[in-house]
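J.: Both chains are sitting in their own frames, so use the hints and assemble them into the complex.
As you go down the protein sequences, you meet chains A and B in turn.
If you're matching positions, the first sequence starts at 242 in my numbering and goes up one per residue.
If you're matching positions, the second sequence starts at 12 in my numbering and goes up one per residue.
Hints listed in this document are in silico derivations from the structure and should not be mistaken for laboratory results.
Do not take every clue at face value.
Ranges between beta-carbon positions, derived for each pair [to be verified]:
(1) Asp37/B with Tyr304/A: 48 to 54 Å
(2) Ala264/A with Met108/B: 53 to 59 Å
(3) Arg288/A with Arg110/B: 54 to 60 Å
(4) Asp199/B with Lys322/A: 44 to 50 Å
(5) Arg288/A with Asp199/B: 58 to 64 Å
(6) Ser298/A with Tyr203/B: 39 to 45 Å
(7) Gln151/B with Lys322/A: 47 to 53 Å
(8) Phe101/B with Asp268/A: 38 to 44 Å
The beta-carbon is built from N, C-alpha and C at its ideal position, and this holds for glycine as well.
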Amino acid sequence: MTVAWRGDQFAAAVETFAPGSVAGHNDSDTWVYPSSLAEVAMGLRDRPEFRFDLLSSISAVDYIDHYEVVYHLTSLPRNMKAVLKVRCGEGREEPTLPSVTGVWRGAELQEREAWDLMGIRFEGHPNHKRIMLWEGFPGHPLRKDFVTYSQSVIDPEQAAAE
Amino acid sequence: MNMNPQEPTAPYGIDPSNPLFNVTWDMDREEGRAVNLMKAARTEQYPEPLVDIPDELRRSALVTSVDTLLNWARKSSVFPLQFGLACCVFEMIATAMSRFDISRFGMEAFRATPRQADLMIVAGTVTWKMAVPLRRLFDQMSEPKWVISMGVCATSGGPYYQSYSVVPGVNHIVPVDVYVPGCPPRPDALLYGIMQLHEKVKRYTLTHTPAGQE
Ligand code: SF4
Chain A
242 MTVAWRGDQF AAAVETFAPG SVAGHNDSDT WVYPSSLAEV AMGLRDRPEF RFDLLSSISA
302 VDYIDHYEVV YHLTSLPRNM KAVLKVRCGE GREEPTLPSV TGVWRGAELQ EREAWDLMGI
362 RFEGHPNHKR IMLWEGFPGH PLRKDFVTYS QSVIDPEQAA AE
Chain B
12 MNMNPQEPTA PYGIDPSNPL FNVTWDMDRE EGRAVNLMKA ARTEQYPEPL VDIPDELRRS
72 ALVTSVDTLL NWARKSSVFP LQFGLACCVF EMIATAMSRF DISRFGMEAF RATPRQADLM
132 IVAGTVTWKM AVPLRRLFDQ MSEPKWVISM GVCATSGGPY YQSYSVVPGV NHIVPVDVYV
192 PGCPPRPDAL LYGIMQLHEK VKRYTLTHTP AGQE
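This is chain B alone, in the form it adopts within the complex (with noise of 0.2 Å):
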């Protein structure tokens, strides 16, 4: 059998003029494309984006104010990118209601579009098909962005670890912040995570780590 990505050919005994084939063979060809370039691509995780504490001496009074509002303001309006891959999912939507109540945290706008938003909550199994546009979407957030993957599927892979369709963490795909391990966690794990990611937030500074820069 041939182990290597094949270039997408025109399918089986099929009749071109079949509408329901032809609007979409061009589409699919390009996906297939696009999905064998990035699986072969990303081979290495990104490292996690780490905050570098500086010197305090080295930080002028006014600087350090600065920082102090801005990452105050911003840790306390992050809001998350409507992203739900799998059956984690349900408890990020769990969060979001009323028991657990994210808006306590200033992130009860889910946004729908990725330019209104500032954290990517990946939540469920990140497959080979979904990467591409996984990446199309964090580049489409606006700075500065944060992501958080919930789960051990977008974590590692999880239960379909080394399988022939799931990329082996989202780490690969995109720089994660802060990882919240279970299966699927519970809506209290998902809200330390995002504790985990205010107390990062903090400690951004705009003269040496600026927020959100991959």
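Next up, chain A with everything else stripped away, as it sits in the complex (with noise of 0.2 Å):
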């Protein structure tokens, strides 16, 4: 079986490499403020008691006064896994963090995904740009804020003008 970390050990050990980086944590899940999740991010990766070397999955959530991206960590050769998170500032207004596709090359397409249906963005990113919808959509639409219908409703003399 997997191991899953608890989160107060788990803060714990990302406080002893990376001293200031974590801003809480849970049962479960660590939180770690965006200024350092590249330094905390790589150290996961290679040092030996951690070894995370699989980026499972890349979700962002809509908390409505902020938003936040969640990494969940498998690490295959240790056999245990771990629940990292990150708060994106206050408020909506471009959400945006470092990218980690430096550290894990499967985060690319994820992040991606992540820019095209909830808009956080990630500095640093090699490319970009939406992954499912269409370039030239309004907006994104798993935010809590996106109206479905009226927005997919599209005025024609709009889109002819253009």
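T.: This is the structure in structure tokens:
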């Protein structure tokens, strides 16, 4: 069985190699600051006590007053998993995080998906464009303030003028 | 938030010399333009292509028998286009397999190219992004051509009705001859739809309603 890290132990373990990076924890999850995400991610992948070589998934959450990005990490050599969360600042304007494509190559498509559907920007992403919707789609549809029907009806005159 | 489609602009914070990006960006932008134009233009549904049954007295015996022969030939060798979009396609595949055996209707040859196909079975969810290729495939099919809308997704959007990315009925994109309801329709339902299409094909005449016209 893959062993899940407990939040408090994981937070303490992250603090030992990246002091000041942990913003908080609960029973199962650990929050880190966006500014230290790159350092923490690199450490989690390379340090022998973690070896988190697989980024299982990236999800983005809209909490209305802020956005949060969740990284599910799996370590195949040590058979364990952990949940890392990053809060993208306050407010709804331009949530931005550093990209982790340099650490886990598989993050590329998932970060594009988070950009496409939730509008989270990833600094330093090599190919930062939409992945599932078409270019020119208005807005990011999984945001809580996206009004589906009115936004999917497009004014024909406006589109013809373009 | 901007409610209107945007002109596709170069994405955020990208290195233009990156081959990942610069090889495909022009294609992405073209695609985005085409999808937005189609989404803006296709707000009306096509009516179902109706066959009017002409007055028997006005049909000469010769034309009638030519019609009968032609329509019999057409209905007995409908070549469907391989066109699966979502979950419904598995029922279409099951229809083609030995248990339900679509070849009893002269249809075993699913064509991989639209130029050899007469029937487009739209099996699955049609997204706006797929609507552009769908219309292009329909335009490439040689006349006479027919369309079956299989499943509620293709018929009206179904579970994804009023979604941001799903066409509210494929009859906004192409004229549909037969609708097969269900989510997904069983193979028997699809076969019944095909038999209904056969009945329809039999009623075309050369003089009044040539087959396959929009
Ligand atoms: S109608 Fe149902 S089975 Fe068919 S494509 Fe839609 S969701 Fe899938």
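J.: Next step is simple, just say for each hint if it's right about the structure.
T.: Each hint, compared with the structure:
1. Asp37/B with Tyr304/A: 48 to 54 Å: With Cβ atoms ~37 Å apart, the hint is violated.
2. Ala264/A with Met108/B: 53 to 59 Å: Taking Cβ atoms as reference, Ala264/A and Met108/B lie about 56 Å apart, which means the hint holds.
3. Arg288/A with Arg110/B: 54 to 60 Å: holds, 56 Å
4. Asp199/B with Lys322/A: 44 to 50 Å: For Lys322/A against Asp199/B, whose Cβ atoms are near 46 Å apart, the range 44 to 50 Å holds.
5. Arg288/A with Asp199/B: 58 to 64 Å: For Arg288/A and Asp199/B the Cβ distance comes to about 60 Å; the hint holds.
6. Ser298/A with Tyr203/B: 39 to 45 Å: 43 Å Cβ-Cβ, so the 39 to 45 Å window holds.
7. Gln151/B with Lys322/A: 47 to 53 Å: 49 Å Cβ-Cβ, so the 47 to 53 Å window holds.
8. Phe101/B with Asp268/A: 38 to 44 Å: holds, 41 Å
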